[in-house]
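Chemist: Top line first, the protein sequences correspond to chains A and B. All residue numbers in the first sequence are consecutive under the working numbering, ending with 310. All residue numbers in the second sequence are consecutive under the working numbering, ending with 310.
Just so you know, the hints here were simulated from the structure itself, not pulled from any lab data. There may be inaccurate statements among the hints.
Heads up, the list lumps identical chains together, so a pair's fine if it works in one copy or across two of them.
[Stated by the list, open to error] In silico DSS-like pairs for lysine-lysine, Cα to Cα no more than 30 Å straight-line: (1) Lys132 <-> Lys166; (2) Lys83 <-> Lys109; (3) Lys166 <-> Lys79; (4) Lys132 <-> Lys211; (5) Lys109 <-> Lys302; (6) Lys79 <-> Lys91; (7) Lys283 <-> Lys109; (8) Lys302 <-> Lys132; (9) Lys261 <-> Lys302; (10) Lys79 <-> Lys211; (11) Lys148 <-> Lys109.
Number of protein chains: 2
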Amino acid sequence: MRPIVECIPNFSEGRRPEVVEAIAEAIRGLEGVRLLDYSADQNHNRSVFTFLGGPQAVLEAAFAACKVATKLIDMTVHKGEHPRMGAADVIPLVPVKDIGIEECVQLSRELGERIASELKIPVFLYEESATRPERKGLPNIRRGQFEGMAAKIKEPEWAPDFGQAEIHPTAGAVAVGARAPLIAYNINLDTPDIEIANKIARLIRERGGGLKNVRAIGVMLEDRRLAQVSINMINYEQTALYRAFEMVKYEARRYGVNIVGSEIIGLTPMKALIDVAEYYLQLEGFEASKQILENHLL
Amino acid sequence: MRPIVECIPNFSEGRRPEVVEAIAEAIRGLEGVRLLDYSADQNHNRSVFTFLGGPQAVLEAAFAACKVATKLIDMTVHKGEHPRMGAADVIPLVPVKDIGIEECVQLSRELGERIASELKIPVFLYEESATRPERKGLPNIRRGQFEGMAAKIKEPEWAPDFGQAEIHPTAGAVAVGARAPLIAYNINLDTPDIEIANKIARLIRERGGGLKNVRAIGVMLEDRRLAQVSINMINYEQTALYRAFEMVKYEARRYGVNIVGSEIIGLTPMKALIDVAEYYLQLEGFEASKQILENHLL
Numbered sequence: 013m014r015p016i017v018e019c020i021p022n023f024s025e026g027r028r029p030e031v032v033e034a035i036a037e038a039i040r041g042l043e044g045v046r047l048l049d050y051s052a053d054q055n056h057n058r059s060v061f062t063f064l065g066g067p068q069a070v071l072e073a074a075f076a077a078c079k080v081a082t083k084l085i086d087m088t089v090h091k092g093e094h095p096r097m098g099a100a101d102v103i104p105l106v107p108v109k110d111i112g113i114e115e116c117v118q119l120s121r122e123l124g125e126r127i128a129s130e131l132k133i134p135v136f137l138y139e140e141s142a143t144r145p146e147r148k149g150l151p152n153i154r155r156g157q158f159e160g161m162a163a164k165i166k167e168p169e170w171a172p173d174f175g176q177a178e179i180h181p182t183a184g185a186v187a188v189g190a191r192a193p194l195i196a197y198n199i200n201l202d203t204p205d206i207e208i209a210n211k212i213a214r215l216i217r218e219r220g221g222g223l224k225n226v227r228a229i230g231v232m233l234e235d236r237r238l239a240q241v242s243i244n245m246i247n248y249e250q251t252a253l254y255r256a257f258e259m260v261k262y263e264a265r266r267y268g269v270n271i272v273g274s275e276i277i278g279l280t281p282m283k284a285l286i287d288v289a290e291y292y293l294q295l296e297g298f299e300a301s302k303q304i305l306e307n308h309l310l
Numbered sequence: 013m014r015p016i017v018e019c020i021p022n023f024s025e026g027r028r029p030e031v032v033e034a035i036a037e038a039i040r041g042l043e044g045v046r047l048l049d050y051s052a053d054q055n056h057n058r059s060v061f062t063f064l065g066g067p068q069a070v071l072e073a074a075f076a077a078c079k080v081a082t083k084l085i086d087m088t089v090h091k092g093e094h095p096r097m098g099a100a101d102v103i104p105l106v107p108v109k110d111i112g113i114e115e116c117v118q119l120s121r122e123l124g125e126r127i128a129s130e131l132k133i134p135v136f137l138y139e140e141s142a143t144r145p146e147r148k149g150l151p152n153i154r155r156g157q158f159e160g161m162a163a164k165i166k167e168p169e170w171a172p173d174f175g176q177a178e179i180h181p182t183a184g185a186v187a188v189g190a191r192a193p194l195i196a197y198n199i200n201l202d203t204p205d206i207e208i209a210n211k212i213a214r215l216i217r218e219r220g221g222g223l224k225n226v227r228a229i230g231v232m233l234e235d236r237r238l239a240q241v242s243i244n245m246i247n248y249e250q251t252a253l254y255r256a257f258e259m260v261k262y263e264a265r266r267y268g269v270n271i272v273g274s275e276i277i278g279l280t281p282m283k284a285l286i287d288v289a290e291y292y293l294q295l296e297g298f299e300a301s302k303q304i305l306e307n308h309l310l
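This is chain A alone, in the form it adopts within the complex:
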């Protein structure tokens, strides 16, 4: 048993490469942590890092990255298209292996406590770590953004979970929480009509009476002249990828539209694709934990 946690923190810096590199270095510098990927977006002025490791190592790395961001990012001069409320904006912790969501909730509390006490940044617990229903969703917490947070945090119902009811003058506030792994999954249609993608997105998502655990919007791929149904699969174990694929396929049919391809953005747990293979091959009695060679190597 070697528990592994994934951390995907978002920082409010996507234009100064030296700041992004400094955050990457802080993560890389921690033993037992593996930085898998990071990328910066100029329009959003935001960067996302993905790293893995044991629970304590991940906590140390997330804290170290947060500390560097606090030192180098000044939210009073930050501009960007993506909503944000802090230098370290959101720090999700995801159980990957030999660890449950409850332990990640506990880990998020430890991390939040440490950020509040050592860096003097107020912390909101979100998603599975949320202490009240209205704090489950990040958009709700972040509403008002950095600029509105100074006032919002003084309202009793928006008192932070850790730290004083006062934003950090330059680093704002941060959301920390455990969440289930999420798969970013896009399905491309053979039409340039974004309205068709929008209609399909509304039909397939949970909010629209479609699949549970599915969030979807229509997106235009300008360069390919294709409309795309852009999906977040927020619980691929309960709602497998092939179900979104098949539902998009049959909803598209009413418009005489076909799927030209699909894409997984970023990381996916192996099991999400094994489930797809099991479905299409009509596999009987398959036991992934025993029968997949790599499961014996992990």
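We have chain A; now place chain B onto it with these hints.
Modeler: Only chain B this time, still in chain A's reference frame:
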């Protein structure tokens, strides 16, 4: 880089549990080796073991198991339905990770040499390790079985690759060799007519003008009253599982027969199922080595 080899030795004992256990213990006793599975068949009077580990550890474990089998199995009194020529009958070595087939060929030569010199059992190299074309296939080497081997091995063209041209009086001879991973894959039809399964098997296999790297026969599942196309996928990277599945589906159609399900017997590398998911989801630009989380944990 941590090279991993799989070894799946077959021993001529499937009726005396204490002998099967003694072989299992010999494998388990070696550090760095993991015994994943073993099973004994009474009718065949034969047992199969699957274990993994680094090259040297696997060599030691295979040798240790072979030594125990040599001590406890007497081929002069062995009876069983499966063809066999030795107490340790065949020892395949399969590259799993960070190791190539060539290195497994070299490993099989080391193992063969040691078995011949220390246990006095003549060794034939087979499959990728074969020193002559007619020794590539095991059935060719094994023809005549234990009872015929005493005479066969004295023919110049059947001189063993290691050891004297003389069988071990009670342990016979053994085949050792490297081979690519193989997937045992069965497809079940909604008919009890074995002849339909036979016809489909003949059409889809390489020998019958079908798919390269596919061996297939028809088999009757008496308990389920279903006919099955029983397949060995001998190179799943070149010929993916979904291609056999789709070919069986369309060949079955001419008989008005459908697939009710399929089965993977034993182990499969993850990639074989990822390829299936990629095909059916029409995935674009998917990079398994980067995008599958578990590939970062191995």
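Chemist: It remains to establish, for every hint, whether it holds in the given structure.
Modeler: A quick look at each hint next to the structure:
no.: 1; hint: Lys132 <-> Lys166; result: within (16 Å within a copy, 85 Å between copies)
no.: 2; hint: Lys83 <-> Lys109; result: neither (33 Å within a copy, 43 Å between copies)
no.: 3; hint: Lys166 <-> Lys79; result: within (24 Å within a copy, 76 Å between copies)
no.: 4; hint: Lys132 <-> Lys211; result: neither (45 Å within a copy, 74 Å between copies)
no.: 5; hint: Lys109 <-> Lys302; result: both (16 Å within a copy, 17 Å between copies)
no.: 6; hint: Lys79 <-> Lys91; result: within (21 Å within a copy, 72 Å between copies)
no.: 7; hint: Lys283 <-> Lys109; result: both (12 Å within a copy, 19 Å between copies)
no.: 8; hint: Lys302 <-> Lys132; result: neither (47 Å within a copy, 36 Å between copies)
no.: 9; hint: Lys261 <-> Lys302; result: between (33 Å within a copy, 28 Å between copies)
no.: 10; hint: Lys79 <-> Lys211; result: neither (43 Å within a copy, 68 Å between copies)
no.: 11; hint: Lys148 <-> Lys109; result: within (24 Å within a copy, 42 Å between copies)
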